[in-house]
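There are 2 protein chains.
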Amino acid sequence: MYPSVIKKIIDNFKDFPGIGDKSAERLTFSLINFDKDKLQSFADAIIEVKEKIGRCRICGSICEGELCSICQNESRNRKNIFVVEKPKDVFLFEKLGIYDGVYHVLGGLISPLDGINPEDIAIDALVDRINKNEAKEIILALKPTIEGETTMQYIKKILEPYEIKVTKIATGIPIGTDMEYIDTMTLEMALEQRKDFT
Amino acid sequence: MYPSVIKKIIDNFKDFPGIGDKSAERLTFSLINFDKDKLQSFADAIIEVKEKIGRCRICGSICEGELCSICQNESRNRKNIFVVEKPKDVFLFEKLGIYDGVYHVLGGLISPLDGINPEDIAIDALVDRINKNEAKEIILALKPTIEGETTMQYIKKILEPYEIKVTKIATGIPIGTDMEYIDTMTLEMALEQRKDFT
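For the record, the sequence lines run as chains W and C. Everything in the first sequence is counted per this note's numbering, starting at 363 for the first residue and increasing by one. Everything in the second sequence is counted per this note's numbering, starting at 363 for the first residue and increasing by one.
Careful: at least some of the hints might be erroneous.
It does not matter which identical chain is used: a pair holds within one copy or between any two.
[What the hints assert, rightly or not] Heads up, simulated BS3-like pairs for lysine-lysine below, C-alpha to C-alpha not over 30 Å straight-line:
| no. | residue 1 | residue 2 |
| --- | --- | --- |
| 1 | K370 | K530 |
| 2 | K412 | K527 |
| 3 | K450 | K527 |
| 4 | K441 | K412 |
| 5 | K505 | K400 |
| 6 | K369 | K457 |
These are computed hints drawn from the structure, not numbers from a lab.
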């Protein structure tokens, strides 16, 4: 029913995770209203992603070229490696502007039910990095789900032979959230991990 | 902080109505995960929109070429003109498969506060169409907001000199919705426009 050109755009939008039929149609009709210059620049930007964006050879984050700007930056502290699931997490934590170490992107979480085993994510690459330089602390920042916890446990075990500190970011009540919207598991963790109130 | 290529895509997504910073970032990181073929085909589809999609010379809906498939279709009843705000509405009502007339897309609603006056939307074009053929019924299907109602009132007035039936789609309680979520204006309209229950 839609002209074939429109149908193609709708189908493209439907390939984005979290975009269903209605959102894809809404985005498509917004796109159609863009002027020709804007459409050209959007298409060009997508081609640039195709041609220029790759994965950092060291940490696995996204970058233009061989290495990401963090791995290239000599002033970053290579003793601290911050382990995250996906490239976006790197930018999320970088925005805070409080971390001066480097990152390691696993590219997924262990999930046997989905057929994702330790060898399918960049754990070997993490161990390689640790073998090659003298990392002092590995900060695990994976999401607090079964998959995230399993992956963190696995990495902790793998790193046992090393003289290295393994830490994990805190689980608890997000600021500004009413307790009643928080699941019991998080409430339990927040209670268990309580700290002296000074 | 983001590589410039990524920044460009985020900015492009932010130009879509209803897409804020977070959604734009989420869409961008999904896009980065597409393989090269998918990125190319997405960019190609956008260029096709740029080059092929225009507005139907008769009804103002979107189409490839000069006329939309509805205006080209000889079996559609040209006596009935269904007036909508935007091209998307055409497809919305076409999906129902119950209307066999033609459409007219205004391309906006009268909104003096936003500087949109009757001459800024396709009302003249509608009157032209009515002058040129013997339309029997104009079905107004604009949204029940101040702008929509104002526009429908205006069109009704403009069409007074013509021997033509002007109807308006019903305002009321949507199926499956609890009354308590419906605004008082709609409740009032639903009551006023009550029908014999047979």
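Status of each hint after checking the structure:
Taking identical chains as interchangeable, the C-alpha atoms of K370 and K530 are never at most 30 Å apart, the minima being 44 Å within one chain and 33 Å between chains. Taking identical chains as interchangeable, the C-alpha atoms of K412 and K527 are never at most 30 Å apart, the minima being 38 Å within one chain and 55 Å between chains. In the homo-oligomer, the alpha carbons of K450 and K527 lie at most 30 Å apart inside one protomer (25 Å), although the nearest pairing across protomers, at 57 Å, exceeds that limit. For the identical chains of this complex, K441 and K412 are neighbours neither inside a copy (33 Å) nor across copies (50 Å), given an alpha-carbon limit of 30 Å.
In this homomeric assembly, K505 and K400 come within 30 Å of each other (Cα to Cα) only across copies, at 29 Å, whereas the closest approach inside a single copy is 37 Å. In this homomeric assembly, K369 and K457 come within 30 Å of each other (Cα to Cα) only across copies, at 14 Å, whereas the closest approach inside a single copy is 37 Å.
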